[in-house]
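**Q** Take a look at the letters that make up each chain.
There are 2 protein chains.
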Amino acid sequence: MERITAKYYIETPNELEKAAHVLAGEQSSGTFVKIPGETEELKQRFAARVENITLLESVKEPSIPSNKVVATSYHRANIEISWSIENFGYNLPLLLSTLQGNLYELSQFTGLKLMDIDLPPSYEEHFNGPRFGIAGSRKSMDVYDRPMIGTIIKPSIGMSPEETAVLVKKLAIAGVDFIKDDELQSSAANSKFEDRVDAIMKVINDQADKNGKKVMYAFNISDELDNMLRRYEYVLKAGGTCAMISVNSVGLTGVKKICDQGKLVIHGHRNGWGMLNRHPLLGIEFTAYQKLWRLAGVDQLHVNGIQNKFWESDDSVVRSIEACLKPLFRGETLLPVISSGQWGGQAFETYSRTKTTDLLYMAGGGIMAHPDGPAGGVMALQQAWEGAVNGLTLEEARHQYAEFSKSVQKFGVKA
Amino acid sequence: MERITAKYYIETPNELEKAAHVLAGEQSSGTFVKIPGETEELKQRFAARVENITLLESVKEPSIPSNKVVATSYHRANIEISWSIENFGYNLPLLLSTLQGNLYELSQFTGLKLMDIDLPPSYEEHFNGPRFGIAGSRKSMDVYDRPMIGTIIKPSIGMSPEETAVLVKKLAIAGVDFIKDDELQSSAANSKFEDRVDAIMKVINDQADKNGKKVMYAFNISDELDNMLRRYEYVLKAGGTCAMISVNSVGLTGVKKICDQGKLVIHGHRNGWGMLNRHPLLGIEFTAYQKLWRLAGVDQLHVNGIQNKFWESDDSVVRSIEACLKPLFRGETLLPVISSGQWGGQAFETYSRTKTTDLLYMAGGGIMAHPDGPAGGVMALQQAWEGAVNGLTLEEARHQYAEFSKSVQKFGVKA
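Residue numbers (the numbering used here), protein chains in the order written: chain A, 4 to 418; chain B, 4 to 418.
Bear in mind the hints are in silico, worked out from the structure with no lab data behind them. Do not take every clue at face value.
You can't tell identical chains apart in this list, so a pair holds if it fits in one copy or across any two.
Dumping the calculated SDA-like pairs for lysine to any residue here, alpha-carbon to alpha-carbon at most 25 Å [what the hints assert, rightly or not]:
| hint | residue 1 | residue 2 |
| --- | --- | --- |
| 1 | K71 | G415 |
| 2 | K240 | G265 |
| 3 | K294 | D318 |
| 4 | K71 | R322 |
| 5 | K46 | A168 |
| 6 | K329 | I7 |
| 7 | K63 | P283 |
| 8 | K71 | P283 |
| 9 | K195 | G92 |
| 10 | K173 | E43 |
Start from the sequences and build out the full structure, keeping to the hints where you can.
**A** Here it is in structure tokens:
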């Protein structure tokens, strides 16, 4: 029988072997006293198994403070626990409750993070995964030999549909491949969702008629389920190619239901992610996280960017990009969305560390606030990436490209 | 115009006023450079406002480690930020993305927790809240003068529908008010959901025909959306009164969609909660969390219990119970579900600290492993609560009640 294996990074004041077995027990048979009805046969078939324990360092203070634990030493380890798929089959919420449910509450742990998940082959038969992913996104935007260049409508919230459309037109003419709503914008008092779709798609369709290139616009359809389905249809009817969902806010079953419609590229925004990952010994690591959203069918997922304005380290960003690019099923991959304080200057380090252009490379202020306007901003980003792929340094590229040079002057103070 | 106010507990190496304004900026206008189109009028209408900052202590080490921050002092504070409801209206996922989105990623903070949310009066008109809550749960179980007593099917997973039904029959005869699936059980290889409903509801309906009391059974319908809706109907058709959802695993939009069906009591299981709350300066506090699930329509929500087997402190449990019992809209309240290592011994402390019997008081092993069997276990719990409400101490109650006395002997080693 197939098994699903989860990898955890843990910290415990207890004996490691014992702590791992408490976790496995809690997440399969689970109660605090031996009860009638729990036969050996049952245990063999449905019990979670401790597959591996790799001892790491010990520390003097617990990573997560606890009133209930008093100890002089806390032991860290990587552990692997497996479950038979007979326990939950292909039920994603049940998989989640099994892999990241009550185990976070166990007082036997002063730190616990879900690092990775190994899915069995039969999951490939049961889940479509991303319908579009990298290949479908490239095809829709007609961009093949460089990262797709995207931007975010800013200010995040406040502009009318008409003002937004004027900006979209400017960006489309400037040659941007992708534009997205901010995650704070969906349907505001002065910018109803449908009005925004009408105004924006008119501009995008007109521009596509003129030059054959349809900008991908990710409309933020995040809302209650029926509204999301209505908005999805509205975008589709208007000729749109993409819908954005705040995956943590909407939740797994809502996201899966939308992805299952299968006609629009799904742009997954991970806002709230810091809460799930920011502590080194609590929550979930991106490698595991992105697999869950791929099972749900998300095509594009945010990963922050090199030298981002947020807390996340460059090493973590690189690991996230690599996770997205690793095939899960049928060779399909997830398009990593690079953003947060990007302006082109980071293209060199990004390419040097990942050796890929399979990216949706997003800049907000980095495009909009370029001295030559959005056209200059888009051009500067394309130049930066051309330079990076050709092995130029940032300094070499700034001398070769006029628009990129202006970006360096404006945004590159710390570069 | 109405505003929504969120309270955060924060820690920052920066000047507090500045850090609070970075948060407000990121969660409304949001970019790292000044851009054209951002007028003062726009800002006034849609910008988040810093309403209050209450300085607390400073510490020498950051609560959450960060490579990007080097400082000698980290300042803690309670802050309040408000948004106009013009920004997101009654869109719950947008509310979530606004209140707990990218802000967790800001490097300006080395700790950030959403503590509470103040909702404006018009939210009452737009959201039904729990359809059943405490009053509806009591009516369905026909229990008015004491806590509702519940139990969990254990082992969590592994029993056949028939074996489960035998156990349910024993529990129903024993006089239990409520039984639930474990969150790890929904439809396993040897226990299909529908078979389980058939077998269990036959027993429960038979028993109700005999003595007029229908045990509330919370079937775990957690799954993808269409399956959940199918299972919901299946439970309803079989005469069931309750469905259980793992709220974090299913997600906000899926949970809301199920609650909106309005015919079954919704038992909200919060497994995964430790990940969101366990760190004192990361995530979300229960006071805020339970309001979101009330908006979605959940009727019953887990809060752990006094002297639970998990990490959570008694103080935190008491605060959670109080939060559930505080009316949100129309005087409606949320039924707190007490569980984790409960056996009746905790009734005294629970009652003394909360002065309420508006509880669903759950014991797993505490009922099943009672020396006299489940009937003794249920009776012992009722006795413990009767004693607690009458002002007896545990010691006094053990001398008064035979079954409770046996519980003390079996489970009360530490009491």
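**Q** With 25 Å as the alpha-carbon cut-off, assign the pair K46 and A168 to within, between, both or neither.
**A** between (61 Å within a copy, 20 Å between copies)
**Q** At most 25 Å between alpha carbons: which applies to K240 and G265, within, between, both or neither?
**A** Only inside one copy: K240 and G265 sit 14 Å apart there, 32 Å across copies, limit 25 Å.
**Q** Checking an output row: K71 and R322, CA cutoff 25 Å. Within, between, both or neither?
**A** between (35 Å within a copy, 18 Å between copies)
**Q** From the Cα coordinates, with 25 Å as the cut-off, is the pair K294 and D318 best called within, between, both, or neither?
**A** within (19 Å within a copy, 37 Å between copies)
**Q** Treating 25 Å as the Cα threshold, decide for K63 and P283: within, between, both or neither.
**A** Answer is both: 16 Å inside a copy and 19 Å across each meet the 25 Å cutoff.
**Q** Go through the copies and call it for K71 and G415: within, between, both or neither, with a Cα cutoff of 25 Å.
**A** between (49 Å within a copy, 18 Å between copies)
**Q** State whether the alpha carbon distance between K195 and G92 is at most 25 Å within one copy, between copies, both, or neither.
**A** between (41 Å within a copy, 11 Å between copies)
**Q** Is it within a copy, between copies, both, or neither that the alpha carbon of K71 lies no farther than 25 Å from that of P283?
**A** both (21 Å within a copy, 14 Å between copies)
**Q** Up to 25 Å between alpha-carbons, please classify K173 paired with E43: within, between, both or neither.
**A** Answer is between; shortest inter-copy Cα gap is 23 Å, intra-copy 69 Å.
**Q** Cα distance capped at 25 Å. Does K329 pair with I7 within a copy, between copies, both, or neither?
**A** Classified as within: same-chain Cα gap 18 Å, cross-chain 42 Å, threshold 25 Å.
In the structure shown, no violation is registered for any of the earlier numbered hints.
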